[in-house]
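S.K.: Quick mapping for you: the protein sequence lines, in order, are chains C and Y. Letter by letter, the first sequence follows residues 0 to 358 of numbering that gives the first Met the number 0. Letter by letter, the second sequence follows residues 0 to 229 of numbering that gives the first Met the number 0.
For the record, the hints were derived by calculation from the structure and aren't laboratory data. Yeah, the Cβ is synthetic: ideal placement off N, Cα and C, and Gly gets one too. Take these hints with a grain of salt, some might be off.
A few chain C residues facing chain Y, derived, Cβ under 7 Å [unchecked claim]:
1. Y10
2. K55
3. L68
4. R80
5. A91
6. L276
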Amino acid sequence: MIEIRNLHKSYSTGQGTVEVLKGIDLTIEQGAITAVVGPSGAGKTTLSHCISLLEKPTSGQVLVDGRNLSALSGQALRSERRAIGTIFQHSALLRRMTVAENVALPLRNLGVVHREMEDRVAELLDRVGLLHKANAYPGQLSGGQKQRVGIARALALRPRILLSDESTSGLDPESTQQILDLLDDVRTELGLSVILITHEMDVVRHVADQVAVLANGRVSEYGPIGALVADPQSGAGRQLLPVRALPLPAGFDYALSVSYRHGPVDPEWLTRLSTGLGVRVALLGGSVEAHGEAVLGRAEIGVAGRPEAEVRSYLEQLGLVADPRDPVSTAAAASTRTATAPPSEGAEREANEKIGVRA
Amino acid sequence: MRPTETAAVGLDTPWADLPALLLPAYGETWAMVGMVMALVILVGGATGVLLYNTDSRGLFPRPRLHGVVSWLVNMGRSLPFLVLMAAIIPLTKWVTGTTIGIAAAVVPMTLAGIPFFARLVQNALNDLPRENMAVGLVTGSSTGQIIRQTQLREALPGLTSAITLNTISMIEYSAIAGTIGAGGIGYLAVTYGYQRFDTHVMAATIVVLIITVQLVQFAGDRISRALLRP
Ligand SMILES: Nc1ncnc2c1ncn2[C@@H]1O[C@H](COP(=O)(O)OP(=O)(O)OP(=O)(O)O)[C@@H](O)[C@H]1O
Ligand SMILES: [Mg+2]
Numbered sequence: 000m001i002e003i004r005n006l007h008k009s010y011s012t013g014q015g016t017v018e019v020l021k022g023i024d025l026t027i028e029q030g031a032i033t034a035v036v037g038p039s040g041a042g043k044t045t046l047s048h049c050i051s052l053l054e055k056p057t058s059g060q061v062l063v064d065g066r067n068l069s070a071l072s073g074q075a076l077r078s079e080r081r082a083i084g085t086i087f088q089h090s091a092l093l094r095r096m097t098v099a100e101n102v103a104l105p106l107r108n109l110g111v112v113h114r115e116m117e118d119r120v121a122e123l124l125d126r127v128g129l130l131h132k133a134n135a136y137p138g139q140l141s142g143g144q145k146q147r148v149g150i151a152r153a154l155a156l157r158p159r160i161l162l163s164d165e166s167t168s169g170l171d172p173e174s175t176q177q178i179l180d181l182l183d184d185v186r187t188e189l190g191l192s193v194i195l196i197t198h199e200m201d202v203v204r205h206v207a208d209q210v211a212v213l214a215n216g217r218v219s220e221y222g223p224i225g226a227l228v229a230d231p232q233s234g235a236g237r238q239l240l241p242v243r244a245l246p247l248p249a250g251f252d253y254a255l256s257v258s259y260r261h262g263p264v265d266p267e268w269l270t271r272l273s274t275g276l277g278v279r280v281a282l283l284g285g286s287v288e289a290h291g292e293a294v295l296g297r298a299e300i301g302v303a304g305r306p307e308a309e310v311r312s313y314l315e316q317l318g319l320v321a322d323p324r325d326p327v328s329t330a331a332a333a334s335t336r337t338a339t340a341p342p343s344e345g346a347e348r349e350a351n352e353k354i355g356v357r358a
Numbered sequence: 000m001r002p003t004e005t006a007a008v009g010l011d012t013p014w015a016d017l018p019a020l021l022l023p024a025y026g027e028t029w030a031m032v033g034m035v036m037a038l039v040i041l042v043g044g045a046t047g048v049l050l051y052n053t054d055s056r057g058l059f060p061r062p063r064l065h066g067v068v069s070w071l072v073n074m075g076r077s078l079p080f081l082v083l084m085a086a087i088i089p090l091t092k093w094v095t096g097t098t099i100g101i102a103a104a105v106v107p108m109t110l111a112g113i114p115f116f117a118r119l120v121q122n123a124l125n126d127l128p129r130e131n132m133a134v135g136l137v138t139g140s141s142t143g144q145i146i147r148q149t150q151l152r153e154a155l156p157g158l159t160s161a162i163t164l165n166t167i168s169m170i171e172y173s174a175i176a177g178t179i180g181a182g183g184i185g186y187l188a189v190t191y192g193y194q195r196f197d198t199h200v201m202a203a204t205i206v207v208l209i210i211t212v213q214l215v216q217f218a219g220d221r222i223s224r225a226l227l228r229p
């Protein structure tokens, strides 16, 4: 488990000091995948360097299993930092070493005996599916393969925590999926905590259990993926499961933004709403998908026939949270629409199909 | 020095006698260069590693130390070799007890070679990906391990090129050092070719020097390329 307490980090530059992290508090449970997202320059890499002890925090603490590693130095720091395995953005393999030598590096520097080291390297390469590339050089591997070797190296010293800063950036979707599956597997099998720094929301939704949004050096939102998506007020939730809705068609009274709550949701809620309350319902956009055991879903609907409060409380009973449509998302939808095609039945059908496919 | 009256024009050493003259001189040249390069690689290499790692993005940033070492290196590189050689005669005398001969040439050559090589090593290390150091750190490696594995070993092709370049410079310096009676090919060229207008010796030394430099460069390139990985 990692506890980050009131972490501050400043850099002194020619123009004075810049405070990059302005008091970060985060608890990362053992065995969970925590994503850290945020705009460029938010301080994600700085945070990751503070966790991997490449940088010393200006103040505050990073506790790994209750111990404050950032207070250590020298030999003590060297041995304790082995609890954290780091995966780099561009894999950072040593180019003049073979794949096997790269994976063996941490073991060799720890003084593991040769025989044992060979077995462990083979086991690690097997885990990432690259045993047949043991004697290849990094230059002979694809980006995704390099990244898997990087993961094998990060796992070599049996860390408790795996830290990945943009490790899937620049990879094709298939390689990205392989990496994510691998991270998910080692998390489950080895009980690792994984900290996944990324700007790809798809990645977050696919593997992360919880997400922390970093903005301007602070954690602006933090919680389980399901809870954020279920919260119509959550900006992160909207980014995680974006809905590009159509404008309210003529003949409808108002639009609602609907989120699936954390818990059982009646899959037939649209029909129920329509028949149960006797209202006309138009589906303006939406996205529903499985997230482990749970279901993530957001939709926008247009309603005619009944007052808003009544519809909202009815949806509540079906396991959904409804709010008046977010003006921002409407504006965004309107601008995308003008840029592409005029609203049509086709677009609506497309939105419906999208739901069908994803559900 | 001007050629003396007795050293008449056209008294060329017969071609057949040249090997006997050239071979020992050639051996002396390599003895000088070899000795100098051994010292230069050791001291200059260490200085280059120090320059790289005391830099703000290095393994142990020490801005003040970096500034001092960098300044010393620049100073060592700012003097033309001939000037340096003359300027440090007292030091040479103090170290070797003489001001002429191979021993006396090794001192200025080493002193000129060290700062040159230090910069070449620093450049070769600068060409490495910056993440290499982070890899060493997060895998719990010691400072020595990081320097050996993620810096020197990874930079071997670049370091080989640096050694090649430096060796060729030292061959050139050894010829300049010939003017203070250092021995070697340069001494031959000065005493026979320049002072006695012995065109045979002059031509032979030129050919030998050109071939030597070409071969060193060729070998250096081959080794450097062999050290590259796909
Ligand atoms: N060594 C440094 N010295 C001075 N400023 C720095 C240093 N490292 C980072 N910064 C500044 O800190 C801020 C955050 O940088 P950081 O690399 O942590 O952002 P990030 O969230 O990882 O961004 P990205 O998504 O682009 O990777 C940036 O404004 C950057 O300029
Ligand atoms: Mg970053």
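S.K.: Compare the structure with each hint and give your call.
M.R.: Against the structure, the hints come out as follows:
At about 11 Å, the closest approach between the beta carbon of Y10/C and any beta carbon in chain Y exceeds 7 Å, and the interface hint on this residue is violated. With its C-beta approaching chain Y no nearer than about 12 Å, K55/C sits outside the 7 Å limit, and its interface hint is violated. Violation of the interface hint for L68/C is found here, the shortest Cβ-Cβ separation to chain Y being roughly 12 Å, above the 7 Å cut-off. Here the hint on R80/C is kept, as its CB sits about 6 Å from the closest CB of chain Y, short of 7 Å.
A cut of 7 Å between beta carbons decides the hint on A91/C: the least distance to chain Y is about 4 Å, and the hint holds. Proximity of L276/C to chain Y is violated relative to the hint, the smallest CB-CB distance being about 58 Å (cut-off 7 Å).
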